[in-house]
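Protein chains: 2
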Amino acid sequence: MYIPEYFRITDRKIIIDFIKKHSFGILAVISSDDVDAVHIPFLVDEYKENFKLWGHLAEGNMIIENSTNMRGLAIFQGPDAYISPVYYKYKSVPTWDYMTVHVHGTLKFTDFNENTEKIKKLIKFFEPDSPIPDNLSEKPYFPMLKQIKGFYLIPDKIECAFKLGQNHPIEDQMGVLNALTKNENLKEMTDLMEKNISIYKKNMFK
Amino acid sequence: MYIPEYFRITDRKIIIDFIKKHSFGILAVISSDDVDAVHIPFLVDEYKENFKLWGHLAEGNMIIENSTNMRGLAIFQGPDAYISPVYYKYKSVPTWDYMTVHVHGTLKFTDFNENTEKIKKLIKFFEPDSPIPDNLSEKPYFPMLKQIKGFYLIPDKIECAFKLGQNHPIEDQMGVLNALTKNENLKEMTDLMEKNISIYKKNMFK
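Protein sequences, first through last, are from chains A and B.
Under my numbering, the first residue of the first sequence is numbered 1225, with each subsequent residue one higher.
Under my numbering, the first residue of the second sequence is numbered 1225, with each subsequent residue one higher.
Rather than coming from a laboratory, the hints here were simulated on the basis of the structure.
Errors might be hidden in some of the hints.
Same chains, same label: a pair holds when it works inside one copy or across any pair of copies.
As the list claims (entries may be wrong) - Straight-line distance between alpha carbons at most 25 Å, and here's what the computed SDA-like set of lysine to any residue pairs gives:
{"no.": "1", "residue 1": "1373", "residue 2": "1258"}
{"no.": "2", "residue 1": "1237", "residue 2": "1227"}
{"no.": "3", "residue 1": "1348", "residue 2": "1380"}
{"no.": "4", "residue 1": "1245", "residue 2": "1265"}
{"no.": "5", "residue 1": "1348", "residue 2": "1295"}
{"no.": "6", "residue 1": "1244", "residue 2": "1395"}
{"no.": "7", "residue 1": "1344", "residue 2": "1354"}
{"no.": "8", "residue 1": "1411", "residue 2": "1303"}
{"no.": "9", "residue 1": "1348", "residue 2": "1426"}
{"no.": "10", "residue 1": "1411", "residue 2": "1367"}
{"no.": "11", "residue 1": "1363", "residue 2": "1382"}
{"no.": "12", "residue 1": "1313", "residue 2": "1337"}
{"no.": "13", "residue 1": "1425", "residue 2": "1281"}
{"no.": "14", "residue 1": "1344", "residue 2": "1415"}
{"no.": "15", "residue 1": "1419", "residue 2": "1336"}
{"no.": "16", "residue 1": "1363", "residue 2": "1385"}
{"no.": "17", "residue 1": "1276", "residue 2": "1319"}
{"no.": "18", "residue 1": "1315", "residue 2": "1344"}
{"no.": "19", "residue 1": "1272", "residue 2": "1293"}
{"no.": "20", "residue 1": "1373", "residue 2": "1227"}
{"no.": "21", "residue 1": "1411", "residue 2": "1365"}
{"no.": "22", "residue 1": "1245", "residue 2": "1406"}
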């Protein structure tokens, strides 16, 4: 992903928090000389300063068949918004603002026992009060566990772009914030725009 | 993408309408033996029974450098929702419902004149009242047009999955609909769930 420097986020905590918040991601892989993708929830498996992602596919899913150490790209998306130049004081072109994390890495399959452990964690993550994790040896859970393929995505390149108009004059950033702030769905985005603007203003008087 | 038959949509009009509604997509490509992706708006270019997608990248974007006829996958996403088994009458596992279109094809670059025409259409599509398309020969628009790489994605495989629990008993589909219907953001999804349920009920009395 091409990321102009003003949009690039490198803070590991911000990146991991973003993945946890938007954990229904896309796994894109190279499959039979084409690029293919699936939509799945990912579990962040943190250790020391680092993390791995765990995911699972239906057994019928051919995209990671017959492969070991294949490359994978996990894509996580936050809010996005069309940005009209009418929001700007200065002349410009329309654009699109968005927030995304890309995790590039290698896929390693996990076995039945590890899949069972991870599925428990996955359910607890999305639904802390679910009674299911205690019952995974029962029907219909146990037979279904045999029908999944679990894998780790072991990251070797992590990219995070929060494209929020940081390259525009402060008046234009304020114009965009003002236009988008009515939309409750964009709160994650407008909160950061507001923060960027207040950091700029604070530095003005230093 | 692995699509169980009950989730597969093949109606061309539904697919094109979905892309137009969710046209800020992802372009995934194979780049230097890895998979890479960018987030961009796509324009649907319809002709006869068919369509092409047009998109553009910043000149600095290396992912389609030095390549002709490379493969591309455009991914368009609709709403998605975690589905708890507590919504169900019958015992089941948690899952995720989602709506997506994948367009696989070959990338062909477009030249300056074609890029200019397409940018006009793109702006008119997202913002019908914008004065910009008439002014593209002025500053700052004209110099910026020279800094983009435009391309067609010419489809050869189109996949559409609306995963809305159609494989579950009707009581469970009703349970999910009931749980999700409070969320206004999922209206596109719950409208279709409602339609599936009403088609089922109508057929019961045939």
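Structure-based check of each hint:
Taking the closest pair of Cα atoms, residue 1373 and residue 1258 come within 25 Å of each other both inside a single copy (21 Å) and across two copies (22 Å). Taking the shortest alpha-carbon separations for residue 1237 and residue 1227, only the intra-copy value of 19 Å comes in at or below 25 Å, while the best inter-copy value is 35 Å. In this assembly of identical chains, residue 1348 and residue 1380 lie within 25 Å of each other by CA distance neither inside one copy nor across copies; the values are 27 Å within and 41 Å between. In this homomeric assembly, residue 1245 and residue 1265 come within 25 Å of each other (Cα to Cα) both inside a single copy, at 11 Å, and across copies, at 24 Å.
For a Cα distance limit of 25 Å, the shortest separation of residue 1348 from residue 1295 qualifies neither inside one copy, at 28 Å, nor across copies, at 39 Å. In the homo-oligomer, the alpha carbons of residue 1244 and residue 1395 never lie at most 25 Å apart, since the shortest distance is 33 Å inside one protomer and 31 Å across protomers. Within a single copy, residue 1344 and residue 1354 get their C-alpha atoms as close as 10 Å, which meets the 25 Å cut-off; across copies the closest is 51 Å, which misses it. In this assembly of identical chains, residue 1411 and residue 1303 lie within 25 Å of each other by CA distance both inside one copy and across copies; the values are 9 Å within and 17 Å between.
Taking the shortest alpha-carbon separations for residue 1348 and residue 1426, neither the intra-copy value of 41 Å nor the inter-copy value of 38 Å comes in at or below 25 Å. Taking CA atoms no more than 25 Å apart as the test, residue 1411 paired with residue 1367 passes in neither setting, with 41 Å inside one copy and 34 Å between copies. Taking the closest pair of Cα atoms, residue 1363 and residue 1382 never come within 25 Å of each other, the shortest separation being 39 Å inside a single copy and 36 Å across copies. Taking the closest pair of Cα atoms, residue 1313 and residue 1337 never come within 25 Å of each other, the shortest separation being 59 Å inside a single copy and 29 Å across copies.
For a Cα distance limit of 25 Å, the shortest separation of residue 1425 from residue 1281 qualifies neither inside one copy, at 48 Å, nor across copies, at 32 Å. Proximity of residue 1344 and residue 1415 under a CA criterion of 25 Å is satisfied in neither setting, with 33 Å inside one chain copy and 32 Å between copies. For the identical chains of this complex, residue 1419 and residue 1336 are neighbours neither inside a copy (45 Å) nor across copies (38 Å), given an alpha-carbon limit of 25 Å. In the homo-oligomer, the alpha carbons of residue 1363 and residue 1385 never lie at most 25 Å apart, since the shortest distance is 43 Å inside one protomer and 28 Å across protomers.
Only between protomers do residue 1276 and residue 1319 lie at most 25 Å apart by alpha-carbon distance; the minimum there is 22 Å, versus 33 Å within a single protomer. For the identical chains of this complex, residue 1315 and residue 1344 are inter-copy neighbours only, at 16 Å across copies versus 53 Å inside a copy, given an alpha-carbon limit of 25 Å. For a Cα distance limit of 25 Å, the shortest separation of residue 1272 from residue 1293 inside one copy, 23 Å, qualifies, whereas the shortest one across copies, 43 Å, does not. For the identical chains of this complex, residue 1373 and residue 1227 are inter-copy neighbours only, at 16 Å across copies versus 33 Å inside a copy, given an alpha-carbon limit of 25 Å.
In this assembly of identical chains, the alpha carbons of residue 1411 and residue 1365 never lie at most 25 Å apart, being 37 Å within a copy and 30 Å across copies at closest. Proximity of residue 1245 to residue 1406 under the C-alpha cut-off of 25 Å is found in both arrangements, the shortest distances being 22 Å within a copy and 21 Å between copies.
Hint check: violations occur at hints 3, 5, 6, 9, 10, 11, 12, 13, 14, 15, 16, 21; the rest are consistent with the structure.
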